[in-house]
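Enquirer: Guided by the hints, dock chain B onto chain A, whose structure is given.
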Amino acid sequence: MNELIAVSTGLLAGTITGIVPGAGVMVAMIVASPLLMSFDVLQLLLFYMSLASMVQFTGTIPAVYLGVPGETNSLPAVIEGTKFNKRKMAKLAIGICAVGSVLGSLVAVVITYGLLSVLIEHMTVFFSNATKFYLYLFIIAFCLLVYNKKNILVNLSLCAVGFMLSVPGESDISSDFRYTFGIEDLQFGIPLIPVLIGFLIVPTIAKMFSSSNSNVFLPSIDIGFCKVIKYFRKKLVASSLRGSLIGYICGFVPGVSTVLSTNASYSFEKKLHPNNPGKLLVASETANNAGQFASMLPLLLIGIPITGSEIVLYSMLVDAGWSPYQFDNVTNNADMIFKQIVPWFVFANIVGLIVAWPLARKILNLFANSKKYMIVILSVGMLLLNTYLGILDYRVWLYTVCLIVFSCIGLLIKKYETVPLVFIFILGNDMEGVFIRQMLI
Amino acid sequence: MKNILIAFGIVVTVALLFVAVSKAETPERITIINSGKAGGSFNARTQMYKEGLTAAGYDVRYENVGKISQAVKMFKASDEPTIMVYANNQVYKQDLFHTENNFILAEYQQPLYVCRTNASKGKVTNLTVAHGKGFDPELLTTILGNNITLVPYKNSGAMLKGMLGGDVDMMVNNQGKSFKYIASGKGSCRPSTVLPMMVATVIGKNIDINRLRSILFDISTNTPFTEYHTTRKLVRPSSTWKQELTLVHELEKGYEIK
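First to last, the protein sequences are chains A and B.
Quick note, the first sequence lines up with residues 1122 to 1562 if you use my numbering.
Quick note, the second sequence lines up with residues 203 to 460 if you use my numbering.
Heads up, incomplete: computed chain B residues facing chain A, CB under 8 Å, no partners named:
#1 275
#2 276
#3 295
#4 335
#5 351
#6 354
#7 356
#8 363
#9 366
#10 367
#11 369
The set of hints was computed from the structure by calculation and includes no laboratory data.
Beta carbons are placed, not taken as given, at the ideal position from N, Cα and C, and that holds for glycine.
So here's chain A without its partners, still in its complex pose (with noise of 0.2 Å):
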């Protein structure tokens, strides 16, 4: 029983914070800590993982019809989604985002009890500097000859101010803190939150308003789902299950994890797939459910979290008496997983494709029906979540120039593709580290 509710609030809640823009699992995580606070080690690890299955379900959703990612790992889902929205058929979209993210779920599960022994064995290998310079040089690559239409310089330009805004503050790899210019809020760096809102959701929110846009809020071609099965079936599997591979082994990597895995993914697809959304949504969406469970192994074998909202897992754990001490448990470990996690980790992943799918109709008639609210309501969520989480991170007047200063560029670049610049900015400055690293090692 005690499971059960853990799993189901992690559903509701991960059902939230999937359709609200800009929210992820690290920020659902420190919402929810209060009634976090009750749940014992299992009842956690369960929340968490119910939660993050859960968003990558409905993570798609806005991402699709309104052109804004749930999560910075939803920005394959915008670029291909939005053109699926454009042709009408943002149902089929969202459908075999579903079905493949329940094909990645249970792929990863599969790879995972078949290499359990080599992967406890080499595990630590993810955790190599050379491994993360490599993904670095992929990714880099990919922002540079993918985006705006491939022109380098664009791309070149916008990584560049990427890099320049994670500069600021204190730096991975020395004490000093750079280019604060004495305001000391400064030290802990640009944040995040309003760097997503400026560059990437108020640009589309401004389009959004443009009357001359005929992108957003199509109504979409009713699709049973029987239909999406065989389409997926007959077109889609084998995308599906290279996402699966790509998306799983990419999920170990520290701190990039999931964003790492879908964007891999997307690229290998979109090299041998260029002009095909469909395989390349499907395999960056299943690519983020199987990496999503390889991103717990680490925590959940060896007590080493990699991403942010681990980190606050971690936290609660610790707090819940989980013994972060797990070198010598490995085995103990593995058998958690399987007979307590996994088969919860199914049944959210079941949960999840039932659920998308009803809920992707009701939000697309609000939305198709209440255009304009539905645009102030999400600005005025946006604003109150920028607030919010200023508040939060105790530097709430940074938060609100930021996303002023940051609003207004966006609108005034808004007719370019400003993904490599979130990107950049996000990884800059452990990418910075890590190739610093990388040359002396």
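Expert: Structure of chain B alone, referenced to chain A:
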């Protein structure tokens, strides 16, 4: 008129009684700032004091910041009775020093550990050494020799991952992460006798230092302190406030950023 005066007198008496009773029942409020990440000793120690102070009847306001730089900022800005778990290796970086006005007690000393991978045994030249960004590179090369390459990492957790991932041959890390590394079976660690000691402290402001020292002393002496690797009681370096403060001042110098 008489009745009005009597009624007024009753009202005033009742009001005064109410204020006195409510004041007597209101527990003393104190803010405790958690500056440590989960699994770390700062976090574990803060939890210990939070529970101890609550049990002692305090109304504890717990600020779970989880990041030392932001916690220090909050501590500096606080106008209310506030305490925070701290250490001598942070003072220069955070620009917050132990003083007579904020020092409450020193809990324990902890050596830094030098760990080495099994794979690098026998290697004598070109050793790569992972270190945290707060360390003084000059000091490390003086101690470990000139024939090493220092590789900076963000924090103790990142260093541990780097060692496990095979990036470097050695690392200089704290006790918790070093014990975790030993448990992995991939290498060995030994406490350094030459690197500066880390001394864990508690600091506070807007408080009666002597009274709080006595309460925190009892909490930390009576409560088993669970860290990563073991359950243990805190052992103080000395017994008097003055001696502890002198020792902390002395050990602070080991972390002066050159």
